[in-house]
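Number of protein chains: 2
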Amino acid sequence: MTRKELIEQIRLKKSYLCVGLDTDITKIPRHLLSSPEPVFEFNKRIIDATKDYCVSYKINTAFYEALGLVGWEAMERTVDYIPSTHFTIADAKRGDIGNTSSQYAKAFFETLNFDAITVAPYMGADSVRPFLEYQDKWTILLGLTSNSGAADFELQQAGEGLLYEKVLTTAAQWGTPDNLMYVVGATQSDWFTNIRKLTPDHFYLVPGVGAQGGSLKEISEKAMNNDVGILINASRAIIYASDKEDFAEKASEVAKEYQAEMATYLK
Amino acid sequence: MTRKELIEQIRLKKSYLCVGLDTDITKIPRHLLSSPEPVFEFNKRIIDATKDYCVSYKINTAFYEALGLVGWEAMERTVDYIPSTHFTIADAKRGDIGNTSSQYAKAFFETLNFDAITVAPYMGADSVRPFLEYQDKWTILLGLTSNSGAADFELQQAGEGLLYEKVLTTAAQWGTPDNLMYVVGATQSDWFTNIRKLTPDHFYLVPGVGAQGGSLKEISEKAMNNDVGILINASRAIIYASDKEDFAEKASEVAKEYQAEMATYLK
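Those protein sequences? They're chains A and B, same order as listed. 1439 is the number that the numbering used here gives the last residue of the first sequence; the numbers go up by one with no jumps. 1439 is the number that the numbering used here gives the last residue of the second sequence; the numbers go up by one with no jumps.
For the record, the hints were derived by calculation from the structure and aren't laboratory data. Keep in mind that the hints are not guaranteed to be accurate.
[Said to hold, decoys possible] Lysine-lysine pairs mimicking DSSO-like chemistry, simulated, CA-CA at most 30 Å apart:
hint, chain 1, residue 1, chain 2, residue 2
1, A, LYS1216, A, LYS1428
2, B, LYS1309, A, LYS1199
3, B, LYS1389, B, LYS1186
4, A, LYS1278, B, LYS1416
5, A, LYS1416, B, LYS1278
6, A, LYS1278, B, LYS1278
7, A, LYS1422, A, LYS1223
8, B, LYS1278, A, LYS1216
9, B, LYS1223, B, LYS1416
10, B, LYS1216, B, LYS1416
11, B, LYS1278, A, LYS1199
12, B, LYS1394, B, LYS1309
13, A, LYS1278, B, LYS1216
14, A, LYS1439, A, LYS1199
15, B, LYS1199, A, LYS1309
Keep in mind that this is a model prediction, so the values were computed, not measured.
Excised from the complex, chain A in its bound form:
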């Protein structure tokens, strides 16, 4: 999906919501466990229930890998099921030396047909470039994350700025706002003003709203640019809105609330 197409979808739906499919087999409604493919069945019903209110789905690969082969199969079926109007993200946080990153890029952009993958920056340029080489595919590089461990390295002084600032500005030379986004955690809403200055044109994938405590209003005010420039992810708040037979209905209601609130912030 191109940047232009993504922005069109956002304007059309008045939504910059990404629904995170962190599907944990121990947390899905028990009545689904008798289904032959409970994880895919859960995702399918969540997608059907939320697709009108979001523009993107993010699959957290860890939850699928934890199940082994069965989980990998559920991931394949899920990404195939997501409508082509929706921007699909493999939240995989991969990254390795060049010839290995090429294999990860192949895994997520070819074998699985994701639009985007999250990538870890630690190993530098040649670990990221193989992902950027794909036409109309996206690399979403970790910038500032929403977890407490961000303080250990990301927020440490590195040269003239903080490490995450160095990551943002260095990586901006490897890709363009047409193929590179950043993960910027929502629990740090005060930081968005500075981050937007450093990278005015890039999209941010913002996790941490909802269960992790970030404010949708604050983030939207501080992080948005003229092309919207943000995708806000909510996972648990939507997909586990209910653990009963009405889970899809409740997920739909919560996603609709996010969308309605987002519509009021869109310029």
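Use these hints to put chain B onto chain A, whose structure you have.
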């Protein structure tokens, strides 16, 4: 596998060789492609041919994920096939917020029964701790990698030292030499003297010998400690020693050469 057991295996075999199973379906001998499971068949024959000369196998997950379900199945079968005397490493470079890292730990330590996994440090303590919580399992944290991109962040000034030095010393407070190793790239052999000072007791997993140009002699001299303290990985130099029907025989010969040289460096 415990540290004591690993050291015993090293002493017994007079080898600290790790064979990297970066098995690329486009590079394995063509006659194997007619096998129902060519990747597993290749790995099985490489393992049979090299197991007497190495103490560890490292599976590079990217090459398996690139094949999708079939690849994931080959990885499962391979890790099950490796003898329990050998230290098994998932070279996966995972890392995410705590509840997601827990799922990755489950994937590689429970669903797949690896002894160790490589982990990326960028997201800090809570992204690494879930791996460290497993009894007799190992976290191998990226320290200094052997690729050119190491210059972008790892070798940048971060506070009083370089970023990779900060990673080594900070993470040493999260785990112990009994459950934490570091990836330290072999192309930077001059750096080992300093690295050993910072982390005297930890094991290092050292990639970059062979195809990537590191010297076995230099690394061994500079990086070894009284408990040996190094696992040296070679992948392509061994597994692709020949692309013909004699590939396993040639792999065995190269692994044997590494072992014979290592025997001369062991104190």
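Evaluated hints:
In summary, the hint linking LYS1216 (chain A) to LYS1428 (chain A) is supported, as the alpha carbons are separated by about 17 Å, within the 30 Å threshold. Among the hinted pairs, LYS1309 (chain B) with LYS1199 (chain A) is consistent with the structure: their alpha-carbon atoms are about 26 Å apart, no more than 30 Å. Distance check on the hinted pair: LYS1389 (chain B) and LYS1186 (chain B) sit about 15 Å apart at the alpha-carbon level, within 30 Å; holds. Between LYS1278 (chain A) and LYS1416 (chain B) the CA atoms are separated by roughly 26 Å; this keeps the pair inside 30 Å, and the hint holds.
A hinted pair counts as satisfied when its Cα atoms are at most 30 Å apart, and LYS1416 (chain A) with LYS1278 (chain B) qualifies at roughly 26 Å. Between LYS1278 (chain A) and LYS1278 (chain B), the direct Cα distance comes to roughly 25 Å. Compliance with the 30 Å bound is thereby established for this hinted pair. Restraint check for LYS1422 (chain A) and LYS1223 (chain A): satisfied, since their Cα atoms lie roughly 14 Å apart, inside the 30 Å limit. In summary, the hint linking LYS1278 (chain B) to LYS1216 (chain A) is supported, as the alpha carbons are separated by about 24 Å, within the 30 Å threshold.
In summary, the hint linking LYS1223 (chain B) to LYS1416 (chain B) is supported, as the alpha carbons are separated by about 20 Å, within the 30 Å threshold. Pair hint LYS1216 (chain B) plus LYS1416 (chain B) holds up; C-alpha atoms about 16 Å apart against a cutoff of 30 Å. Restraint check: the Cα-Cα separation between LYS1278 (chain B) and LYS1199 (chain A) comes to about 16 Å, which is no more than 30 Å; the hinted pair holds. Our distance criterion of 30 Å between C-alpha atoms is met by LYS1394 (chain B) and LYS1309 (chain B), whose separation comes to about 27 Å.
Of the supplied pair hints, the one linking LYS1278 (chain A) and LYS1216 (chain B) holds, its CA atoms being roughly 24 Å apart against a limit of 30 Å. The hinted pair formed by LYS1439 (chain A) and LYS1199 (chain A) fails the criterion: a straight-line CA distance of about 37 Å is larger than 30 Å. Among the hinted pairs, LYS1199 (chain B) with LYS1309 (chain A) is consistent with the structure: their alpha-carbon atoms are about 26 Å apart, no more than 30 Å.
The structure fails to meet hint 14 from the earlier list, while all remaining hints are met.
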